[in-house]
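J.: Next come the chains, spelled out residue by residue.
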Amino acid sequence: MKTYDIVIVGGGPAGLAAAVAAKEAGNDSILILERDHELGGILNQCIHNGFGLHTFKEELTGPEYAYRFIKQVLDLGIEYKLNTMVMDIAADKTVTAMNREDGMFQIPAKAVILAMGCRERPRGALNIPGYRPAGIFSAGTAQRLVNIEGYMPGREVVILGSGDIGLIMARRMTLEGAKVKVVAELLPYSGGLKRNIVQCLDDYGIPLKLSHTVVDIEGKEHVTAVTIAEVGPDRKPIPGTEERYTCDTLLLSCGLIPENELSRSAGVQMSPITSGPVVNESLETNIPGVFACGNVLHVHDLVDYVSEEAKRAGQNAVKYINDGCKNAEASDVIELVATEGARYTVPSTINKSRMDDLLTVRFRVGDVYKNSFVSVYFDDERVMHNEKRILAPGEMEQIILQKKKLDEYPNLKKITVKIEKE
Amino acid sequence: METRELTCIGCPMGCLLTVTLDNGEVTEVKGNTCAKGDIYARKEVVNPTRIVTSTVKITSGDKERVSVKTANDIPKNKIFEVMKDIDAAEVKAPVKIGDVLVKNVAGTGVDVIATRNVEAV
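For the record, the sequence lines run as chains G and A. Just so you know, we're using the numbering used here here: the first sequence kicks off at 1 and counts up by one. Just so you know, we're using the numbering used here here: the second sequence kicks off at 1 and counts up by one.
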């Protein structure tokens, strides 16, 4: 079997951008493995617009955004295999995969880039009482049925969860003639973008009920009705607040989970908060030469940031190979800590000798904060204090660290990111 | 005098805007915390427009549907008329990104264009 320098697992936005960047950084031995029958990943079914404002300075639909990168992959002659499932990644970076043409095969790689994306949280993980009839879909499944296959999953719809895919599907189903009766959100705020709440719900008079959840699903063969109720601060339903909606479809938009089965079995260290790998400044995991980017690393809200992150992973994989596949030095490591409102940071550590002049650190907050500050401490000294009118869990935040600033602190051990009132 | 309430989409703040109109002309925007809110409110109240995205049935191609969008934004109150024309359309593969699939959709003067390639089989 042929060998490759870099094997990229996943041909969605992260895998495509990583491949293009690695090729442009001078590596000619790259293979993308994609389990679907085409490149582009989930963007192919995201037919709505609003992608690419940062990357291309124009508003594209998902398929158009994907094609910008697919075209580069084709033009650069980067190799890829479709309909190919990766079965295993070994700690020595041997990738085992299979498809109908090649059967089972193994590729010894010098570097592996994890770009598997994420999955939707399914009903089984949500503890919703009631029957288990047909007619319950994750929002993304419904999106695939409507946009790719051309089927309508139902005519009268209730949606649980106000993530962006749920909001987008509320509009999409409405445009195709369905009646979306209500969107229920367990939390007191929506995790979706404001623009989606206005243009997908308000535009069509679809009510959004915050602090509400589904307490019953009726129907033995097919969904016939869904009951929602208000929840208290403990997120438990309040008796007497139940409202019953007759419907034939329940869509679930209750969060995304990075898809890391392969990473785990390879021995990649995982973060319990992001459910993605723990990475250093090079987006490299604890296994030298295994990099991660995109939604498999942490769930993003904008694909532009996925592309940018993946580009760094691709460049760093080439750098790792060009430097002779050396392990990162254990000394000289600065730890990044998220606390007091900041939930996590990507990366988690910085190896200063390998750091670029500027390093983007991305993080999320755990609650809605108004008129607060994003503060950065170098050990105990506050070095950054950026005022923010609003911080919300649904919007990824970032800080940019300068290498020359870090050089002023030669004994720096810990960088802390926190949210402060003043 | 008439007032309308809307939510600004400029950022996650989601300011609740109150717009005062006199004979269809905006006389005052209140509730915004920055200039984005003012600009958004004036456009949204007088001439709300949207890009419509959907799919069109395609035959003899390697896919069942081809995704489409209106090449420019169309008046918000025309969305369902536009959807009716899009749903009635049927095209034949091959189709390339940017190909016009429905001309002058619902009399808006705007074309509906393909947003992905579909190869003929």
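To be clear, the hints were calculated from the coordinates, so they are not data collected in a lab. Check before you lean on any hint, since a few could be wrong.
20 angstroms max Cα-Cα, derived EDC-like pairs, lysine to aspartate or glutamate [unchecked claim]:
id, chain 1, residue 1, chain 2, residue 2
1, G, K179, A, E81
2, A, K76, G, E176
3, G, K418, G, E340
4, A, K78, G, D202
5, G, K110, G, D5
Here are a few chain G residues that sit away from chain A, every Cβ distance over 10 angstroms (derived from the structure) [to be verified]:
id, residue
6, T61
7, L175
8, L193
9, A225
10, R343
11, I390
Predicted model, so just to flag it, every value in this text is computed and none were measured. C-beta atoms are modelled at their ideal positions from N, C-alpha and C, and glycine is treated no differently.
J.: Indicate, hint by hint, whether the structure satisfies it.
T.: Here's how the hints hold up against the structure:
1. About 17 angstroms separates the Cα atoms of K179 of chain G and E81 of chain A, which keeps this hinted pair within 20 angstroms; it holds.
2. Straight-line distance between C-alpha atoms of K76 of chain A and E176 of chain G comes to about 16 angstroms, which keeps the hinted pair within the 20 angstroms bound.
3. Pair hint K418 of chain G plus E340 of chain G holds up; C-alpha atoms about 5 angstroms apart against a cutoff of 20 angstroms.
4. Only pairs whose Cα atoms come within 20 angstroms are accepted, and K78 of chain A paired with D202 of chain G is accepted, the gap being roughly 16 angstroms.
5. Pair hint K110 of chain G plus D5 of chain G holds up; C-alpha atoms about 5 angstroms apart against a cutoff of 20 angstroms.
6. Residue-level check failed: T61 of chain G sits 4 angstroms from the nearest beta carbon of chain A, not beyond 10 angstroms.
7. Not every C-beta of chain A lies more than 10 angstroms from that of L175 of chain G, the closest at about 5 angstroms, which undercuts listing it as non-interface.
8. Distance check for L193 of chain G against chain A: the nearest CB is about 8 angstroms away, which does not clear 10 angstroms, and the non-interface claim fails.
9. Under the 10 angstroms C-beta cut-off, the non-interface status given to A225 of chain G relative to chain A holds; the minimum distance is some 27 angstroms.
10. Consistency note on R343 of chain G: stated as away from chain A, and its beta-carbon is indeed over 10 angstroms from all of that chain's, at 16 angstroms minimum.
11. With a minimum CB-CB distance of about 5 angstroms to chain A, I390 of chain G fails to clear the 10 angstroms threshold, and the non-interface call is violated.
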